Each structure stands twice: as C-alpha cells, then as structure tokens.
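Novice: For the record, the sequence lines run as chains A and B. Residues in the first sequence are numbered from 1 upward in steps of one, following UniProt numbering. Residues in the second sequence are numbered from 1 upward in steps of one, following UniProt numbering.
In short, the hints are calculated from the structure, not lab data. You may find that some hints are simply not true.
[Claimed, not checked] Among the chain B residues that face chain A by a calculated CB cut under 7 Å, a handful are:
1. His416
2. Gln420
3. Glu423
4. Ile442
5. Tyr468
[Stated by the list, open to error] Heads up, simulated SDA-like pairs for lysine to any residue below, C-alpha to C-alpha not over 20 Å straight-line:
6. B:Lys428 / A:Ile90
7. B:Lys425 / A:Arg76
8. B:Lys434 / A:Arg2
9. B:Lys428 / A:Phe62
10. B:Lys459 / A:Leu3
11. B:Lys341 / B:Pro351
12. B:Lys425 / A:Arg71
13. A:Lys6 / B:Arg471
14. B:Lys439 / A:Arg2
15. A:Lys73 / B:Leu431
16. B:Lys425 / A:Glu78
17. A:Lys73 / B:Lys425
18. B:Lys425 / A:Arg2
Remember, predicted model here, so these are calculated numbers, not experimental data. For every residue, glycine included, the Cβ atom is placed at its ideal position computed from N, Cα and C.
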Amino acid sequence: MRLPPKNTIAADAITVWKITAAISVGVLWLLTAAVAIVSYIFDFIYWYAVIAAIISSLCTYFFVFLLPKLRFKRWRYEIFDQEIYIQHGILIVSRTLVPMIRVQHVDTKQGPILKKYQLASVTISTAATTHEIPALLEEDAAELRDKISVLARVDEDDV
Amino acid sequence: MSEAKRLHPAAILFNFLKVIREFLFAIILGFITFRNESFSYFILIASVLIILMISYSVASWYRYTYRIEEDELRIEYGILIRKKRFISINRIQSIDLTASVIHRFLKLVRVKIETAGSGLGSEASLTAVKLSEGEQLRSELKRERVSADQTEEVVENQAPVRKITFKRLFLSGTTSGSIGIIAAIFAFVFSEMEQFIPDNIYESTINWVIGLSIVILIVLGVLVLILLWVLGIAGTMIKYGNFTITKNEKELFITRGLLEKKQLTIPLSRIQAVGIEESLIRQPLGYVTVFAQIAGGSMRKGEEFPTVLFPILKKSEVEDFLQEFLPDYASQHDSMTLLPKRALKFYLFRPMLPVVFLLAGVWYFLPQFIWVPVAFLIGASILGYLRFKDAGYHLTGERLTISYRRVSKMTMLIYHRRIQSFEKKQHKLHLKQKLASMKLSIIAGLGGQHFPIKELEEKDVDLLSDWYSYRR
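Could you build the full structure based on these sequences and the hints that come with them?
Specialist: See below:
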C-alpha cells in the first residue's frame, strides 16, 4: 500500500468546509463582540477585547482559509473489489484499509450545506469502527454506497 | 417439559428487591424532606407504596411462566400487557447458571440465556429456579441443540479442566495491587527519604517533635496500605475463588466466585483475540493473566471486559494452557520484531511532556516540593523506556502477535480474519525518520477495541498492511 488512493473527493468540499468553519468561527466573533461591548460599557481594560479579536482572527485564518484546502489535498479514497482504502489527515496522515467482508452497513448522509452543493457523505461501518468519506457528488455517493453494499454481500463464516 | 412452569417463589423476593432498589432514591429523598412535618403522611404513603410493590412482585411472579415447546424456549410474562418471548433453541449461544449468596442459601440458581443478538441485558433471565431444575433445563436446551446440529460427534475423551489452587489464588490476591497502591508506596518511600535528610542535619527538639508526628503518620500510612492490600486480597479471593475453566467441543465454561457463584459460557467462535497481561507487580515474579476479547455478550455490571480466562499463571505454563484450551492460539515464540532505536525519543517525549509542565509549575510556585515532579519525571521516563522496549509484533501465517505496554505489558494474539480494519498513521516527523504508527481494530463486547503500536519501522508497517490487505 505504498501508493496513495486514487480518487479525490468533490472540489466543492473546500467550500462546504469553509462554510461550516465560518459558522463556528462566527460564534467566536460574536463572543468577541460581546467582550468588546461589555468592556466598553463597564470601562474594562480593552486588552481583553484585543486578545479575543486576535484569537478569533487566528482561528478564522486557520479554520476557514488554511485547513480546508490542506484537508482537501490530502483526502483520497479508492474502492477495490476486496477492500476500501482511505487516506486523510493534515499533520498526521492516516491510511485505512477496510476489507469488504468486514463492512456491516453503508450510509449516505446529507446536511443542508452539503445539499446546497449537491454533495453527500458516505459512512462505512464495521462491527468495530466507522469510517466516513465526506463530500462526494450526490450521484457518486449513491453509486459508491450501492457498490459497497453489493461488494460487502459476501457470506460470512462466523461472528 | 412442555407444561408451563413458574419460577421458584423466591423470585418474588428478587422482584421485590429489584423494585425497592429502583425506588430507593425516592424513598430516601421523601424521608429527608418529610422528616419533621407530615412524617405520618410519609409513613402512610411509604407503606401504601410498599404494599403496591409487594403485590406487583407477587403478580409478576405469578404471571411469569416458561416452557420448552417445539424446540423453543417460550416465556410469557407481563401483568397487564402480556408479552411472549420465544427463543429458538438453535439460536441460543449460551446458558449460564449463576447464584448469589441468597440463591446459594436457598439452593437456587439464576438461569441466563443469551443469543448472538447484542443487547444490554441477556435475552432471557430466569431469576430463581431450583438448582436441579436449572441443570435439567440447561441439559435439555443443550441436548436439543446438539441433536439439531447433527454434525457433533460425541468424542469420549476427557474434557480439559483447570482449577485455581488456593496457593495461586492467594498469590493472585497479593499481587493484584493496582497502580494506585504502587504509587502510594512510591510516594511513601520518597517522603521518608525527604524527612531522613533534615533529621540528620538539625537535631533540635522541634524536629524531634515533627519526627514523632511523622512516625505516627508513617505508621498510619503503613496501616492504611496494609488494609488496602488485605482488602485487595479478600476481593480477589472472593471474585476468583473456585475459578474453574472447562473446555467442551465448542465452548469454554468458566465458573468462579466464593460467595456469588458465577458461570460464563464462551463459544469458541466468538473469541476475537487472546491476550496475556503482565502487570507491573506480577511481571518480575513471572506471573501473567490470560484473557480473551469476545464479541457480543450482555453488557451488565459485574461482567468484565475483557473476559479473564485464567487469573494467574506462570509464564511458562501459558503455552500448556493455550495448547489445552485454545490450540489455535498456542505455540508462541519470543522473537518479536521490536522498534528501531530512533523511536525511543518519541516514547520518552510522550509521557514526559505533561510532567515537564508540572515541573515548571511546581518550580515556580512551590519550589520546596520540587522533588515530587522530579520523581514523576524519572517515573515517566522509565515508563516511556519500558513502553519502547516492550512494543513489537510478530507474524506467523494468518496470526499476528502484537505486544505493547500502557502500564501492564500486553501481548495480543489476533487472527487475520478477526481484524476489522487496519490503519497506518504517519506524522511529518515520522516521515523524515522512516517511522510509522499502526492501529488495528477488532470487535470487543458491543463495540470495538483498537490496538495502536506507535513508531514502528515504516517498512514493517507496510509489510503488515500488505499482509492485511485483501487485494492480492
């Protein structure tokens, strides 16, 4: 398994991740605003607000602008007849092998943001673990789900 | 045995105890709130409640019947809403007879019936049945199954049995000490040494008084330690007293318990991995614990995961034990592939890092206690080194042996077909050093258990993933 998996996920994944991160960071900015207002009203030292703003902008840079791109670049998957091969991780690169005969069920999921971009994520569960391939094109996700569920239909000897 | 039967009347008592336990909190709360005012009302309500509970217990006993009919165990229960549960004998995975102290006093047993389906409780649990009847029930359910299988051949050889000896049981108790006790002893030795030095330097009366109080403290501490130790011994002896493991064609039977007699049936096909644990205290003495990771089972309190197959064995006896009970997992070897030298720094760094922060904090705020984090730092580095030294793997055909240490040293024997997924992880720093970590997952209980080994040689991890890969 020297070679990384072939397929990348949908390019819109970056946008989706950016939006999701923006929502979380938005909460942070709201808190920052609250700190600023409170310090203005009660005449606190404005340093608290400044520190909060710095933290918020750093988080915005990392989670909205930097990480989604890196994460997308790393995210790969490949479906073989016998197994599923997934690669992900920014600092720690992890490559996972899931044999088809160990797959218990496959799900596709779609939240409102994914739906807007016609994307869906696929979740693969074994008896011990779950693995998610995020943000695939809707039709790809459905096809993948059906393909895996057919390939996983191997008679099990035990358990 | 086709006519419907009721449980032994003692089941009423067990039902009642169960209901009381559920309402205990409410009763105590009521007692506390209404203690002063309206206490008579409380007594009134409580007695009405208790009468209701008793009648509920009697009614549920009266309405609970079981019978064996058409290869099924049929249970009917429910007071107002009748519920019927039919369990096909072919689907029954295990039948266990356990007995609490009350059960043993009345010569009764609880019959637990489990199927492969995972759930929180057992599929069926007959709370109180006469011992003879419980045994009859079991043999009936078993016999039916064997005849249904038709494949089973009755081989007339002695089924292997192994019982714990009293000496071993005692030894297992004395060495069962948890890490907490070791830490206590450790801290203790240190505090003693710390006091020892100033005593020699300043020989004033004040120090003598302090010394005296410390002597008292030490004596108290020793007493507490001894007490904990004795409790530990007693606990282990009650838990593992009469530990017996028997093998029958397709199952392992374990009975244990001095007061409460517990029985456990493990179908061989549900064993996912076999492990050997060498705890810090037992390792130098050469004793180990053998356990198994089992899929499914009922996740009730009192049942341990992983399941102990034998609480204490000499390391040299493990081979014989496995040969006898689990020949698939026998024939071990000591030639593990260990970690490369350059992995050591990661292993030292990980446990030491939090201690370094602690050290900095203590150094800044409480410099007189600096020896405490220093001791921890030494401990952490020793632990890190041991973890590095004990991590490794070995491949023999379809079987993978891995060893690692958190606190106790673990050796896991896992078959290829039991591994659910395999993961190779690599850090930027690992990449440069040609190291990689791996993680494999198996089923354990109702969820999964993951075994990571960090900083193996990258080519070893690639070798393992090639071994695991189904794509040839």
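Novice: Starting from the hint list further up, note which numbers the structure goes against and sort them upward.
Specialist: Those not satisfied come down to hint 1.
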